[in-house]
Amino acid sequence: MKRFLYELTESWKIAAAQMHANKTRSMLTALGVIIGIVAVTLMGTAISGISTGFDKSMAVLGDDVLYVDQQPWIRKDDWWNFRSRKKIKTEYADSINRMISASQNSNLLLAVPVCSWFRSVKYNENQVNNVYTMGTTSDFIAISTVDCVKGRFFNEIESRGGANVIVIGYDVADALFPSDDPIDKSVLINGQPFKVIGVNTRQGTFLGLFSWDSMVAIPLPAFKRYFSAKSESEIRVKVKDKTKLPEAKDELTGYVRRVRGLPPEKENDFALNEQQAFKSTLDPVKNSIAIAGLFITGLSLFVGAIGIMNITFVSVKERTKEIGTRKALGARRRTILLQFLIESTALCLVGGLIGLTFAFFMCLGIGAALPSFPIQISFGLVVTSMIVSVLTGLISGFAPAWTASRLDPVTALRYE
Amino acid sequence: MLNTDTMRPRGPLVIDIENITKHYVMGEETVHALRGVTLQIHRNEYLAIMGPSGSGKSTLMNMLGCLDTPSSGRYEFAGRDVSAMDDDELAAIRNREIGFVFQTFNLLPRSTSLRNVELPLIYAGVDPATREERAAQTLRDVGLGDRLYHKPNELSGGQRQRVAIARALVNNPSIILADEPTGNLDSKTGEEIMSLLENLYQGGNTIILVTHEADIAHHARRTVFLRDGLVESDALSEATEIQTLAFT
Numbered sequence: 001m002k003r004f005l006y007e008l009t010e011s012w013k014i015a016a017a018q019m020h021a022n023k024t025r026s027m028l029t030a031l032g033v034i035i036g037i038v039a040v041t042l043m044g045t046a047i048s049g050i051s052t053g054f055d056k057s058m059a060v061l062g063d064d065v066l067y068v069d070q071q072p073w074i075r076k077d078d079w080w081n082f083r084s085r086k087k088i089k090t091e092y093a094d095s096i097n098r099m100i101s102a103s104q105n106s107n108l109l110l111a112v113p114v115c116s117w118f119r120s121v122k123y124n125e126n127q128v129n130n131v132y133t134m135g136t137t138s139d140f141i142a143i144s145t146v147d148c149v150k151g152r153f154f155n156e157i158e159s160r161g162g163a164n165v166i167v168i169g170y171d172v173a174d175a176l177f178p179s180d181d182p183i184d185k186s187v188l189i190n191g192q193p194f195k196v197i198g199v200n201t202r203q204g205t206f207l208g209l210f211s212w213d214s215m216v217a218i219p220l221p222a223f224k225r226y227f228s229a230k231s232e233s234e235i236r237v238k239v240k241d242k243t244k245l246p247e248a249k250d251e252l253t254g255y256v257r258r259v260r261g262l263p264p265e266k267e268n269d270f271a272l273n274e275q276q277a278f279k280s281t282l283d284p285v286k287n288s289i290a291i292a293g294l295f296i297t298g299l300s301l302f303v304g305a306i307g308i309m310n311i312t313f314v315s316v317k318e319r320t321k322e323i324g325t326r327k328a329l330g331a332r333r334r335t336i337l338l339q340f341l342i343e344s345t346a347l348c349l350v351g352g353l354i355g356l357t358f359a360f361f362m363c364l365g366i367g368a369a370l371p372s373f374p375i376q377i378s379f380g381l382v383v384t385s386m387i388v389s390v391l392t393g394l395i396s397g398f399a400p401a402w403t404a405s406r407l408d409p410v411t412a413l414r415y416e
Numbered sequence: 001m002l003n004t005d006t007m008r009p010r011g012p013l014v015i016d017i018e019n020i021t022k023h024y025v026m027g028e029e030t031v032h033a034l035r036g037v038t039l040q041i042h043r044n045e046y047l048a049i050m051g052p053s054g055s056g057k058s059t060l061m062n063m064l065g066c067l068d069t070p071s072s073g074r075y076e077f078a079g080r081d082v083s084a085m086d087d088d089e090l091a092a093i094r095n096r097e098i099g100f101v102f103q104t105f106n107l108l109p110r111s112t113s114l115r116n117v118e119l120p121l122i123y124a125g126v127d128p129a130t131r132e133e134r135a136a137q138t139l140r141d142v143g144l145g146d147r148l149y150h151k152p153n154e155l156s157g158g159q160r161q162r163v164a165i166a167r168a169l170v171n172n173p174s175i176i177l178a179d180e181p182t183g184n185l186d187s188k189t190g191e192e193i194m195s196l197l198e199n200l201y202q203g204g205n206t207i208i209l210v211t212h213e214a215d216i217a218h219h220a221r222r223t224v225f226l227r228d229g230l231v232e233s234d235a236l237s238e239a240t241e242i243q244t245l246a247f248t
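These protein sequence lines are chains S and G, in that order.
For the record, in the first sequence the residue sitting at position 295 is 295 according to this note's numbering, with numbers rising by one throughout.
For the record, in the second sequence the residue sitting at position 133 is 133 according to this note's numbering, with numbers rising by one throughout.
FYI, nobody ran anything at the bench for these hints, they're computed from the structure.
Note that this is a predicted model, so its numbers are computed, not measured.
Virtual Cβ for every residue (Gly too), placed ideally from N, Cα, C.
Incorrect hints may have been included.
[What the hints assert, rightly or not] Facing chain S, from chain G, some residues (calculated, C-beta under 8 Å):
| no. | residue |
| --- | --- |
| 1 | L108 |
| 2 | R110 |
| 3 | G158 |
| 4 | E198 |
| 5 | Y201 |
So that you can see chain G by itself, here it is in the shape it has in the complex (with noise of 0.2 Å):
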């Protein structure tokens, strides 16, 4: 079965990691979290990071999201080495290029849909009225339109996550990275979600799904493994593996 959009060239490199490591010093041990990964993530790509606790999926996660440096090893964030940046330059990275979506949502309780969506813009230095219209347009293209003024907590957890979702998209970010979108769903808006994550994969955004449900992971077309920080296993999903090996 031939699926167009697996016969897509890859897009420009965005993410290359080369051989990076994390280790923290807890006391007296020092944890190694990271021993030495190397990954390389295209443009338009759908990847999912999987792993059982423990294996650095997170911390890795959290070296991909800028939110933290590597101990050693090269990050190279289209093109730019993000190794040797400092908190306000990974800030503007993480403004600009990525699209958070978190576990709990992490939205902000007393501030409107609107007003949540809106915060990445506000940091990204946009004016308010361009930035009220984007952000209502993005909450409009995840079906979110009549919740405008709501906020989180008169929103279902599907909704919070939708909304959270338009917060990551608002700023056109080169990757969205979904970390665990659907540990506080259940099953039928947890599918809502994914469906919603792969609408946006069709639509050209590059998405990152860090799981450690196999199921979640299925969705994506490429799927890592992390065991005690290496990269386990790195293979495309069986119908994606076909057409890369067809057009190689």
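So here's chain S without its partners, still in its complex pose (with noise of 0.2 Å):
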């Protein structure tokens, strides 16, 4: 064991010393492992950013809600097959919330109306166009993650009286006013005055996907009085608690058929949605970008592999006779094995060092250039890449540093 160990610390010595003797070799032939290790690492960190944000996204909807309306979010059939149903109506928020109340051990919490449709927003000279406008209560505040960073969402009063105050995403404010403060400036939709009462904490957009940055409340009376021509309407459900959210979707189906009259033996008109299916429906896109990416970068990787075992082999072949030297004086094959992979192992230890600085700077200047691309780098992935490098170098190391430890003394002792 402490023979080993002494191996060992001269194996790092020597490798260090080579690595000094031979510098524009081992840069050379580091490269190729600094550029797989970059590749690579970035493309981690573009997956697990691509991951968030879509997580991120995701966690607009809320994973405790569920969305009743009048088609599924991911169709199965033909969208003819649903434009047939009845809509949605708002009123069924109500009714579903006195059945909450009346029912014992609900595993509902709270239902809340939402009408909703893309609607332009104006202040001043400036307008934004397709904004989602929402048209809801006041309780869509406590099934929601949304929050305020200026300002307040409507209270109950205005959300009743149907008065004429909005809320508005980040992004919409940032669009409208560009240099004013928002609140109490009145911003109009179709020609209506709304006084701005708050502004929502920044989200981030990633993707085009879902955000709370580009979308606009309005209590449901108003959205109702100004807009009820063309509108889709949902009613959102918190659940009690989310690992029970199975039972969560019986109850609320059946208050769902109650409300619609549903006779028993037609089958449901509306679609239970929520996060999940969204998610099961995004996953496999993600993997597959994962593993496609991977997969490319992967292979430049395997390229820088394929030059630290050319380069061991090249210093295998020319310290044939120091290799018979070290034998004589009583070196053992393991001794030899270990040297010339400690070499290889070395050199890609250095270079995924040298890759990982680089990534990293690579990084804060992705995230510089684009803000709103979630990308950071783990510690998780600075520790895979590290393992990365040490198994890129036993691996390519190990061919050269096996034909140098079963050397034949005598005629590597004669190698000239």
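Mind docking these for me? Both chains are given alone in their own frames, and the hints should help you get the complex.
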């Protein structure tokens, strides 16, 4: 054991001396690994960024909220099968809430109606088109993750009375009020004035997926008053315990069927949507991006590994006589194997460290250039890429090191 | 003339070779490098192995040095059967029992004298402090106390060979195997190396010298002459012979 330790130390010293003696060669070889590690690390970061982005966008929906809609979000059949369905009415919310309070041990907490359509929002000369405009009640704040950075959400009185007040998303505020404070300013939707009472906390957009940043919310009666002609309604229901989602869904299905007066023999003519439905559709996409990305960048690391293998073979060849001498002095096969494995591993480690440093600064650069893309190097990624570097060194160094360890001392000593 | 060292009784048997052969297959041909060599070497002998090229002396040296195993025959090193050992066992024997001195010195070019001499101790598992102390002491013993931190390219040929000899000595081996130790040196430096080996012999070491030069072989007390893979003659040098006869 002790001897193994001494041999190990010795091998690291030799590896360092070798790199020092062949700086150019070592650097060029390490370059392959550097490029490989940069590529893999950046890809890993990007993949985890995409994943974080998806999850963040999903968080808008909430993992403890069920959506009662006319159609499922992810359609398996053609849309005309759903078109003829009865619309969802906002009044359902009250009925459902009554049923929730009437039942003991309900798995549901609160139902909130939401009407929505895309509208243009205007302030003086500034206009934002296609803003997701919601009409809802003051209960909305209780079921969503939204928060106000300035001002507040509308209260129950404003909600019931249908006051002309509005809560706007961060990006909407940014576009309409580049330099002013939006609070108490009046914005126009379809020519109707609404007083801004709150601005949502910035959430960040990702690949154009949902974000509070580009939404606005007004009290439901006001929405109905001005925009009822064209709108979609849904009921959002928060569940008590998200681990009991299936039970909650069953309960809610029963309520909605009752509200819609569906006889038992008829199939559901509505859809219960949840975040999970999106996730299960997006996850395969996410995963195939990850696999393809890592495979392609992995190839560059593979090329780097071939470079390491090549240079280790060269090193073994030109130091054949040294190997012979070491064997004559008592180096065993394991000693020689270890020596060359450590040489290739040391090269890969150096390459990996340099690569990681590059990747780190590149991530900083990307993060600065694209603030909405959630990119960051994680500790796990650092550890992983170091492990990958070491493994690359061990794997690519193995064949040459094995050759070296098997050299016949007589032949090796005679080698010139 | 009575010389004290020749009067010493023979030491215990170190190398006991009986009828060993070695053949190599080279393409279609089989080369018989050794055709049956029997040889016994005792502790504190000074022996020269001579022979023209192709006589099998390199092959015999590889056998003696446990770098290679015989095709047939028996080889016992200090009572242990070498012919049946695997690579790693042979490496252990070489490390502890044999000190090699090569014609081309075979020093590690980028390491200091000290580091070169430490090498066998590393493979023996000696701790760093002891290692350095023993390596430095051995270098001082061969007269290189002021060259501990020099690299081979900063040393003369003679000094390099001294480093190599120190490296051979550092693990207190049973035999020192010197293969043409003066082959790459001028005659004056060669003589210095030979007198160093003589001192080592006087100090109790066993020395096996492989050479094709009669002048060099002359330093040894016993000369084994090989020809065509067989021992042609195995004789004590004159003075030694007389003394040994007198004692038997």
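Note to self: To test your reading of the hints: which numbers does this structure violate?
What the structure shows: Hints 3, 4, 5 contradicted; others consistent.
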